Structure formats: structure tokens, C-alpha cells
Amino acid sequence: MAKYKFKKLTPYLVVFVVAILLSRLVPSLRNNTADTLEYPLSILSWVNSEIGAAIFFHHNFRENIKLKREILALKQKINAAEEALQENRRLKGLLAFRQDSPLSLLAAKVIARDPDNWSSAIIIDKGKKDGVRPAMVVISEGGLVGKVMESGSTTSKIMLLTDPNLSVSAMLQRSREEGLVSGTLGKLLIMRYLSADIDIKLSDVVITSGLSRIYPKGIIIGRVAEVETQFSGSSHFAMIKPEVNFSSLEEVMVVTGK
Amino acid sequence: MKIKLKAGLVLILLVLLQSTLFSRLEILGAEPDLVLAVVVIIGLSLDLKWVLLLSFAAGLLKDSLGILPAGLNTLVLPLLGFAANRLSRQMLIEADYVTAAVVFIAAISYNLVIPLLLAIMGSPVSLGISSRIILIGAIYTTLLFLLFSRLSRLPGIKF
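Protein chains in written order, with my numbering: chain A, 1 to 258; chain B, 1 to 159.
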């Protein structure tokens, strides 16, 4: 009976002993195996990590492109909003000016400039169809811009105040002294034929005198920047800084009636 | 034919640029006149027939966008193109600085002839303004021409 019991327990004992032996042996085996396979494993591990990184990088890369596109779109939106804001401000100024002005005005956009160095002109997007005719006066919220030289059916050419061939009868707002303002093809205008004993100061405002039939009285031209004496000494001339910034004109108004 | 078409397109583009973007490049009232520079280059490199045709078209387009008395550019630009073409038959003009010198002389001549014609037509421009525009305009045109001719040689850019 005891022998039978031992026989029955033998496989369990063998398993137990093998298990104990393996438990003693496996750590050393495992260490050796790990040592032996260190290089191939590290290579595989590197490959694995690189694949992971590549997948991650690709994901990041795609996300980066997407974000860049979003930034660009947002920048464009901000830019468009800024542009709209500035246009809004300009148009509000023009509208306020138009409502305050007793003159009958027609708003127009500047679409091109004179390609020559020898004249100073702009082209606007309003023509005969809109009632623009040659010799009409053109102003902006800043002041006098020039006059219409030619008008086509949908566009017109405006000779700017900076053109030497445009002369405007003007006067100093403070002292009411009169002179003739014309362009110099540069940033400043020149006011000629000022009397020798004229009462003139720097920053005096120069306005149209209304002596000529073309230009209504009281439109601002600019401010006195310099006063010089003619070579003969018989009269003065003054350099005038125009109120209108001619290089950044975008919208103007044509005086269609008084 | 292709080069002539290209030259014509460049001239049209330049006239349009001249009346829009180039006004931003103004220095002391003078803008660079690249249309003039291209007319000179065309004069130096194409047949007289094409030189006259293209410079006439450029002058006409320039006049139609400006307010100078009609026909000034239409008259003067073909004359300059003709002069450049004659000059190219007399001497070999290849180096950049020689071409630039020709452009400078052409710009000075153009800027002398225009106020002279304006004075004859009854719209004189004062001597002070004229001399400023003549000098600055010619120097500016020549410098910008040199810049563009250098840029056109950069790899990947072909005009």
C-alpha cells in the first residue's frame, strides 16, 4: 500500500524536483541568453524605437503642416480684418467729410498712377458715366488733391497738385495774404508771388482763395514749411507741405457741383 | 518669334508695374523707368523692325496711362530704341557695365528730351525740378536695371 502510494507520488516528485532545479538554473540561463542576444536585441530595439519615432515624427510632421496652414489662414484673416478696419476708418472719414461738406461729392477709388517722372497724376475708377467731367476739382478728407484732366467713360485722369503744370490761387488762412501754389514733382508745393512785407509764419494754413472759378474757396492745401526770398528780393516764396499724402492716396472725391 | 513675344509681354507688364507699384519706389520725386531700360535692351538685341514696333507700342501704352501731351513717349521711346539698335551695330555691347552705361545715357537723353519737348509745347518745367528729375531718374533707373540684370542671372530665375 505504501509502495503504491510512493509510485503514485513519483511524477509529482519529479516535477517538483525539476521545478526546483529550473528555478535555480533559469536566472543564470536567462542572464546568459540576454547577454548573448544583447546586440541583436539592441539592434531590434533600436529599429523598433526608430519605427516608433518615425511613425510619431510623421504624425507630428503632419500636425505641424496642419498647424502651419492654420496659422497662415489666421494670419490672412487678421490681415484682411486689419485692412477692412483701415478701409472702414478711411471711408468713415470720407463719409463724415462728405456729410459736412456743402459741396456735391462723388467718391472714387485710385486705380493707377502716372508712369512718368515728368507729370504727377492718378487714374480713378469713375468717368463720364458717373458724371465726371474735365476741370472738376478733386479733394480728399485731407484737402485739395487736384483736378480732372481727362475723363473716359469709366475712368478719369486727375492731375495732382504736385504737378508743376497745376497752379491754384491760394491764400494764407491767418493773414489772408494771397499767392499762387503749384507743384514741384516732389513732396513739397511752392507758393509764389508773396509780397515782400508779407505776414507769414511757419505752419500757417494755406487754403484755396476761390479767385479762380474752378476751385471753391476754403479748401485746405497745406501748411507753410519754409519761407524764402526771391533772388531779386522783391517778393517771397514759401514751400508748402501738402495736407494730403499723395503717395498713399487710395480714395478721393470729385466735386461734381457746388 | 518667342523672344519677341516675351519682350512684348515684359514691356506691357513693366508699363503696368510702372503705373502701380513703382510709384512706391519714388525718391525725391523720381521713379525708376524700367520700360526705358527694357526698350534700350531690346534695341541692342533685336532687329530694327521689332525694336521700332515694340518701343512704339510701349510708348503708346505709357502715354495712354499718363497725362503728358499725347505722343511724347510714343515718339521718344522708338527714337531711343533706334539709337540703341544703331549703336549695337557699331560696337559690341556685352558686359553688364557697358549696357548699364548705355541705359544711363539713354535715361539722361530721355529725361533731357521730354522737358525740352514739354517747354516747346508750352508746359515748361523749371530748371531746378528738371535737373533733379534728370539726374536722380537716370541714376535710379540704371541702378535698378543693374540689380534686375544681376537677379536674372541667379540660378532658378529666368527672365
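Be aware that a few hints might be false.
[Said to hold, decoys possible] With a Cα cut of at most 25 Å, we get these calculated SDA-like pairs of lysine to any residue:
hint, chain 1, residue 1, chain 2, residue 2
1, A, K187, B, Y97
2, B, K49, B, S23
3, A, K109, B, I129
4, A, K241, B, I27
5, A, K109, B, L21
6, A, K187, B, I108
7, A, K187, B, A100
8, A, K187, B, I129
9, A, K241, B, L135
10, A, K75, A, L95
[To be verified] Partial list, derived from the structure: chain B residues whose beta carbon lies under 10 Å from chain A:
hint, residue
11, M1
12, V10
13, T20
14, F22
15, S23
16, L28
17, D33
18, G71
19, L75
20, L79
21, I120
22, G137
To be clear, the hints were calculated from the coordinates, so they are not data collected in a lab. Note that this is a predicted model, so its numbers are computed, not measured. Beta carbons: idealized from backbone N, C-alpha and C, even for Gly.
Cross-check of the supplied hints:
A C-alpha spacing of about 32 Å is found between K187(A) and Y97(B), which places the hinted pair above 25 Å, so the restraint is violated. For the suggested pair K49(B) and S23(B), the alpha carbons sit about 32 Å apart, so the restraint of at most 25 Å is broken. At most 25 Å may separate the alpha-carbon atoms for a hinted pair to count; K109(A) and I129(B) exceed this at roughly 29 Å. Between the alpha carbons of K241(A) and I27(B) the distance comes to roughly 17 Å, so the proposed pair stays at or under 25 Å and holds.
Under the criterion of a C-alpha separation no larger than 25 Å, the hint pairing K109(A) with L21(B) is consistent with the structure, at around 16 Å. Among the hinted pairs, K187(A) with I108(B) is consistent with the structure: their alpha-carbon atoms are about 22 Å apart, no more than 25 Å. Taking the CA atoms of K187(A) and A100(B), the gap is about 29 Å. The hint is violated against a cut of 25 Å. At most 25 Å may separate the alpha-carbon atoms for a hinted pair to count; K187(A) and I129(B) meet this at roughly 12 Å.
As the CA atoms of K241(A) and L135(B) are separated by approximately 24 Å, the hinted pair is consistent with the 25 Å bound. Restraint check: the Cα-Cα separation between K75(A) and L95(A) comes to about 29 Å, which exceeds 25 Å; the hinted pair is violated. With its C-beta approaching chain A no nearer than about 27 Å, M1(B) sits outside the 10 Å limit, and its interface hint is violated. With a least beta-carbon distance of about 15 Å to chain A, the hint placing V10(B) at the interface is violated under the 10 Å criterion.
The closest approach between the C-beta of T20(B) and any C-beta of chain A is roughly 6 Å, which is under the 10 Å cut-off, so the hint is satisfied. A cut of 10 Å between beta carbons decides the hint on F22(B): the least distance to chain A is about 7 Å, and the hint holds. With a least beta-carbon distance of about 4 Å to chain A, the hint placing S23(B) at the interface is held under the 10 Å criterion. Among the interface hints, the one on L28(B) holds; its C-beta lies about 6 Å from the nearest C-beta in chain A, closer than the 10 Å criterion.
Interface hint at D33(B): satisfied, since its Cβ lies 7 Å from the closest Cβ of chain A, which is below the 10 Å cut-off. Look at G71(B): its Cβ only gets to about 13 Å from chain A, farther than 10 Å, so that hint breaks. At its closest, the beta carbon of L75(B) sits 14 Å from a beta carbon of chain A; the interface hint therefore is violated under the 10 Å criterion. Given hint, L79(B) at the interface with chain A, is violated; its Cβ is 16 Å from that chain's nearest Cβ, farther than 10 Å.
Against a cut-off of 10 Å between C-beta atoms, the interface hint on I120(B) is violated, since the closest Cβ of chain A lies about 13 Å away. Using the Cβ-Cβ criterion of 10 Å, the hint placing G137(B) at the interface with chain A is satisfied: the shortest such distance is roughly 5 Å.
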